[in-house]
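Asks: Starting from the known structure of chain A, fit chain B onto it as the hints suggest.
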Amino acid sequence: MSPTQLTAGFLPLLDSILLVLAREKGFAADEGLELHLVRETSWANVRDRSALGHFEIAQMLAPMPLAASLGLTPLGTEMIAPIVCGLGNNAITVSAAVWDAMAAAGAPGDLAAGPAGQSLAKVVAAAPRKLRFGVVHQTSSHNYELRYWLAASGIRPDRDVEIVVLPPPLLPEALGSGGIDGYCVGEPWNSIGVATQNGHIVTTKTLIWQSSPDKVIGMRASWAAEHPETVGAVIRAIYRAGQWCAEPGNLEEAARIMAGPAYLNTTADIVTRSLTGWLDIGNGLRTNVPGFYVPHSSAANFPWKSHALWYYSQMVRWGEVAPSAAHAAIAAACFRPDLYRAALAPLGVPLPIADGKTDGTHAQDHVVAGSSGALVMGPDLFFDGATFDPDALDAYIASQRSAD
Amino acid sequence: MPHSDLSILIIDENRIRASIIEDGLREAGHHRVACIHDVNEVGRTIAANPPDVIVIDLENPKRDTLEHFFSLSRAVQRPIAMFVDRSDGAMIEKAVEAGVSAYVVDGLRKERVKAILDMAVLRFNAFAKLTRELEQARSELEDRKIIDQAKGLLMKSRNLSEADAYALLRSTAMNQNRRMVDIAQSLVTAAALLGP
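Residue numbers (our numbering), protein chains in the order written: chain A, 1 to 404; chain B, 405 to 600.
Looking at chain A on its own, in the form it has when it is part of the complex (with noise of 0.2 angstroms):
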């Protein structure tokens, strides 16, 4: 039988790796799809391909394929997410005079989160103009993010600070040229801004909401309705590219091929720095971030519709979508565990039972019952204290509101 085609759209971002390896090292082909990558220059792009089928599947921010479904971008059009690329891989990145700024206010430079936000909002009060971030599309990951974290810390995002949208491989620049004062974008643009602009990473993703979802793999739901054998066959491929890339001894080639032209273009030092969480965070200084990126352990490629339900808690509070049970219901929709669980239940290995989890009540590691057997998973905790429980989710949006 000849293999199926496919077309798959990706930034040039470290946690597309799932996708590149699902290509380079045959998971893909072994569950006869021939997998053609396209590097894409924007979000937007990879957004507008995949809404008119030139993609079949995407690398997509985990928000993207809520706000398409919610009607929030230009061709409003049903997509969904039934497998996630895995946690972490984020950071934020000042500029050196910021940093500089922060360190004298009284950062302890060890990248915890709190802290570090609570010295940039002496510096916000203190500068004579609005610092101005970075994020790489509206409806990210790094966007919500990065508020969640200025607001936790004493900083009202849309009126302390100004927020403005440039894709990832042009951060860097941006920030040595003083055009902005610091971003969040994943890896390996903080380690490059790091190593070519002089910038300094004060915090990461896994340090705000740890064992947290980044990206997904998208597709529009008319699409995946027509050819579930297709779906399911990449849900196998983009999981045991996760087992492969999660395997200590893959580690070396796993970073050499990122770092392929055709993919990141950049070092495997660079690349390395991200998939060890042994990031340089300025000035030479080596810190280890345990859990930085996590491409499979702790159902890393599990869609909880929990997840998604807490994008959409951050849609709602920053006025993207208004809030509603029906609205609430399309965003959990977006997230298929039920597609993820019928394609991996052939392979016997341990599957969530539950759709949902409360997020931020796990100071440690911590075990989940899955089918065939039990699933140990990470540390989940907020770095301000707050709890997310999906079936609270009117009263989470409500005190967030009361807090803004």
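The set of hints was computed from the structure by calculation and includes no laboratory data.
Built from N, CA and C at the ideal position, the CB exists for glycine as well.
Heads up, a few of these hints could be off.
To be verified - Pair by pair, the computed Cβ-Cβ distance ranges are:
#1 Ala-374/A / Glu-445/B: 52 to 58 angstroms
#2 Ser-222/A / Asn-444/B: 36 to 42 angstroms
#3 Leu-52/A / Lys-533/B: 19 to 25 angstroms
#4 Asp-586/B / Gly-176/A: 39 to 45 angstroms
#5 Arg-582/B / Ser-372/A: 56 to 62 angstroms
#6 Gln-580/B / Arg-256/A: 33 to 39 angstroms
#7 Glu-539/B / Val-376/A: 52 to 58 angstroms
#8 Arg-256/A / Arg-582/B: 40 to 46 angstroms
#9 Gly-260/A / Cys-439/B: 34 to 40 angstroms
#10 Val-38/A / Asp-427/B: 30 to 36 angstroms
#11 Val-349/A / Ala-577/B: 55 to 61 angstroms
#12 Ala-96/A / Asn-453/B: 36 to 42 angstroms
#13 Glu-539/B / Asn-283/A: 40 to 46 angstroms
Replies: Showing chain B alone in chain A's frame:
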């Protein structure tokens, strides 16, 4: 001048292509056409002279930036949405194939925008064809230079006339089923490696 009241903004980092589209729109009777080459200038331009239609190249990595400006301007009661609504799939296809995208102010009649986008698509395609031809001419020129170099090497080392050197390159290429320029390139590379 049926469309002359519409204000059109072209955003293209490629200045030549931008001016080709601008000319086309002016010829079609649009007089309020502005061009910018850097998305960062958009905020100021939109405030100074609010456009009804924005034409942007799809390869522009700052489309996200542009859309963010729009969402900010929504706050000042100036709703802008991407033109590509579902009702004209073929047109969307054509535009995306050509590498162009457009945004329009809500409520603008579709036929009016269609003419503008059609024009942009035509000009984008014409520009792409021109670029391809130029690229081809350039590479043919490069090829000729390499072949001349190889010819010179053969003439010198094997004491051949120019015509014989050329014939030798040609027959070798045919025998090996390779392009003449590839044979010439190997010869030039080898000569450089073995050279004095």
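Asks: State for each hint whether it applies.
Replies: Here's how the hints hold up against the structure:
Between Ala-374/A and Glu-445/B the beta carbon distance is about 57 angstroms. The supplied range of 52 to 58 angstroms therefore holds. One distance hint, 36 to 42 angstroms for the beta-carbon pair Ser-222/A and Asn-444/B, holds here, with the actual separation near 37 angstroms. Distance hint check for Leu-52/A and Lys-533/B: the Cβ-Cβ separation is about 23 angstroms, which falls inside the suggested range of 19 to 25 angstroms. About 42 angstroms separates the C-beta atoms of Asp-586/B and Gly-176/A, a value consistent with the hinted range of 39 to 45 angstroms.
For the pair Arg-582/B and Ser-372/A, the supplied restraint of 56 to 62 angstroms holds, since their beta-carbon distance comes to about 58 angstroms. Checking the proposed 33 to 39 angstroms range against Gln-580/B and Arg-256/A shows it holds: the Cβ atoms sit about 35 angstroms from each other. For the hinted restraint 52 to 58 angstroms between Glu-539/B and Val-376/A, the CB-CB distance of approximately 55 angstroms keeps it satisfied. The given range of 40 to 46 angstroms is broken by Arg-256/A and Arg-582/B, whose C-beta atoms sit roughly 32 angstroms from each other.
Between Gly-260/A and Cys-439/B the beta carbon distance is about 37 angstroms. The supplied range of 34 to 40 angstroms therefore holds. For the pair Val-38/A and Asp-427/B, the supplied restraint of 30 to 36 angstroms holds, since their beta-carbon distance comes to about 32 angstroms. In this structure, Val-349/A and Ala-577/B meet the distance hint of 55 to 61 angstroms, their C-beta atoms being roughly 56 angstroms apart. About 38 angstroms separates the C-beta atoms of Ala-96/A and Asn-453/B, a value consistent with the hinted range of 36 to 42 angstroms.
Roughly 45 angstroms separates the CB atoms of Glu-539/B and Asn-283/A, a value that falls within the hinted 40 to 46 angstroms.
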